[in-house]
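Which chain is which? The protein sequence lines are F and U, in order.
The numbering used here puts the first sequence at residues 1 to 506.
The numbering used here puts the second sequence at residues 1 to 334.
In short, the hints are calculated from the structure, not lab data.
Treat the hints loosely; a few may be bogus.
Below, simulated DSSO-like cross-link-like pairs (lysine-lysine); rule was C-alpha separation at most 30 angstroms, straight line [what the hints assert, rightly or not]:
id, chain 1, residue 1, chain 2, residue 2
1, U, K168, F, K376
2, F, K454, U, K320
3, F, K454, U, K112
4, U, K112, F, K376
A short, non-exhaustive set of chain U residues, derived as facing chain F with CB atoms under 10 angstroms [as the list claims (entries may be wrong)]:
id, residue
5, Q47
6, S50
7, A129
8, K187
9, G226
10, I238
11, A239
12, R291
13, A297
14, A300
15, I307
16, A311
17, A313
18, E318
19, I319
The C-beta atom is built at its ideal place from N, Cα and C for all residues, glycine as well.
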Amino acid sequence: MIAKIICYALSGLEGIPVEVEADVNKGVPSYDMVGLPDAAVKESKERVRSALKNSGLLFPMNRITINFAPADLKKEGAVFDLAIAVSLLKASEQLLGADVKDIVFLGELALTGDLRPINGLLPILISAKSHGYAKFIIPAENAEEARYLGGAEIYPAASLADVVRHLVGTQPIPPLETREFVPGQHKRSSADLKYVKGQPIARRALEIAVAGGHNMLMSGPPGTGKTMLARCLPTVMPDLTFEEALEITKIHSVACVLGEEGIVSERPFRTPHHTATTVSMCGGGNKIVHPGEISLAHGGVLFLDELPEYKRSTLEALRQPLEDGCITVSRAGGTFTYPARFMLCASMNPCPCGNYGSTDRTCTCTPSEIRRYRRKISGPLLDRIDLQVEVDNITYDELTSDEVNEDSASVQKRVNEARRIQRARFEGSDIHTNAEMGEKEIQEFCGLTREGDKILRDAFESMKLSARARARIIKVARTIADLDRSENILPKHVFEAVSYRLFDKL
Amino acid sequence: MMYTPEEKTVIYETAVKGMSGRAGLAAIRGGSAVRSLSEEEDGSVTQFLSALDKRGVFLVTFLSEDYPELLKFAADPPLILYGMGNRELLKMRKFCVVGSRITPPWAEKFGKALTEELASHFAIVTGLAEGGDSAAIAGALPSGNLISVLPCAVDMCYPASHAALKEKVAQRGLILSEYPMGTAATKWAFHARNRILAGLAEGVLVLSAGQKSGTLITAGRALDYGREVFALPYNVGIAQGEGCNALIKAGAYLVTEAADILSVYGIETEAKKEAETEGDESRVLQYLRERGETHVATIAGALGMQIFEAAAALSALEIKGLATKTGGNKYSAL
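Construct the complete structure from the given sequences, taking the supplied hints into account.
Right, here's the structure in full:
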């Protein structure tokens, strides 16, 4: 008898349906697998044999052929175990009366017959749902991840025996209850702007950066709180919407970094070390292409501490994703596109010793050392970092003492308002924030008054700004005007925007 | 380029035969050096000179008409100088501006503005290094009244990264060196070069100098030769200004504007017209002038402004050239 069971394979962030066919015939006992299975899939023979036996079921002592369709797709991993076991049971007539049509079986088997969790469950469920499948049997340990997907009957099973009892109707598994998504419900980070002492300039820059979706660079001596400021970035960004959360969760699920809570409910904050390779940053792998740090930071912040220490090639690789919001990685196994729309926040010391520009400590670097250090960051990359700000190297007591430390929530309110203005402005286009504006949009939305234009002209002459600084200053001025709820860009906005530049003169 | 027989003799003895400067000087002063060259000797000098000429290099000898008069009174004047660029500058009045390689940003900006003003009265003499020298070059280059003296041959460049800058100076101003073509910079060449800097100029302005800065050697030589020494004042405790303050303590002129230097040489200056400021800008500028280097937050707090308002006003002042960013979000007035 022949049995057909539906299972899913993962290709990038997409699930691809795979039909598992089992044929159990009379003849010399044998067990063959066809349809391009890889080693891990072939090994499932032994797992399935033991799992059946240890679940009190019979392993058919016949001539068995398992086929995977489509035959041209390479099948990888242990996700097919459950489907193979169920197809064998069905084909050997151990599931009489059970209806296995239109159910998607997902899960890896242990020798005991228990179901083990799989990676990338959420993207598979989402794809399968869009393909019209509505019933799923998944490993119980994956339940949290599936809980937020509404509109499907999902049955979490702990073992193969549970699955069989459910299918033959002796002990049905209750379907998984859908849970409502609440942004920030599983907060992992305790960062908040109210814990950051002083740093008024950097705080303001941070607010502008988030409001307009600009990338930012902080320069300052070691130990002045650059990292702490950066950690606050996700806390002032607008709350995740459910769609964003699902998309981020999909990526994290494929990359096996999803926590127990099953969904990402706050914006990711990724801090790859400066020894990170280009592949770990952008994604890669020899057969399955794993998403890299920039994709894991999708929807959140990619923080590069000590920017000049990163390998030049790694930094240059960031340029294209910064522009496109996604990364396409080609490998022998295929070409995969992962989303990578992240905010880049970088920090660096002003010079190799860290004391350049400091009044109380002497910088021991020679000018050529400083120049070499700064030249490690290329112009085109700096081009994409709209805000460059110095972090103060002074104790809090030195600043005015009546300063109030605002918390993240109140900053977030202003950010939300500025984002609302931007959404209205860019309605109908694929631009979301001021930072994404091109030359056309700048001309359309960033008309400068005659006065404003004169200021820029003067600034260029007296500060010897580079030509590429112009667009950057205008975009930042637009965001400052939005935060100010001003329709036009006023001179004061331009002046402030001019103050957020450090490296235009290098 | 034409050279007199006396010049050719000096060139033959020093550049071609390699007589030491001291022996050559004694010979010149004793009168024994002025002899006529044999035909063969004359030929070798002509060949030597035409090779230099092809590379755009000329020679100024101790006996040349335009050998800087002041340099003759230095203790150890070079017998020949290799030059590249505008020879006419040698006839101008000269003033030396130097600073150490690590010069605070405000001092660089101030030095540049000051040199710009001085350059309309003097040819500015300086080196080619980063920091103070670069500030002086930036100020004097537009007018072309600029002489850079190198510690290596005129066809070499130290620091190597300033090769493009050297080309610009050679085009608009003048490059000088006492070293034969192809000589690389050595440690002691800097000291020797500093004596030429001091010897050429009527006075020396020190923009920045640490306790052991080489610019102090230039200042010391200037004192030896009886030239005036000027220095920029610094706050107490700033390492890059300790040398400057020490010079002032010892009697150097304290400089806060170009008039301080020009008046010593009897040159009258017109009162500068200041860019106009209004509202917040004027208040911030006034505060900066009263308090000196101040953090943006302190200014905002004292004047009852939002931080970003103060930052905007400071940018405006910076664009107008009235204030400068000094690092760590601090500003000072110029």
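Item to check | Earlier hints that do not hold, by number | outcome: Violated hints: 5, 6, 8, 9 and 12; rest satisfied.
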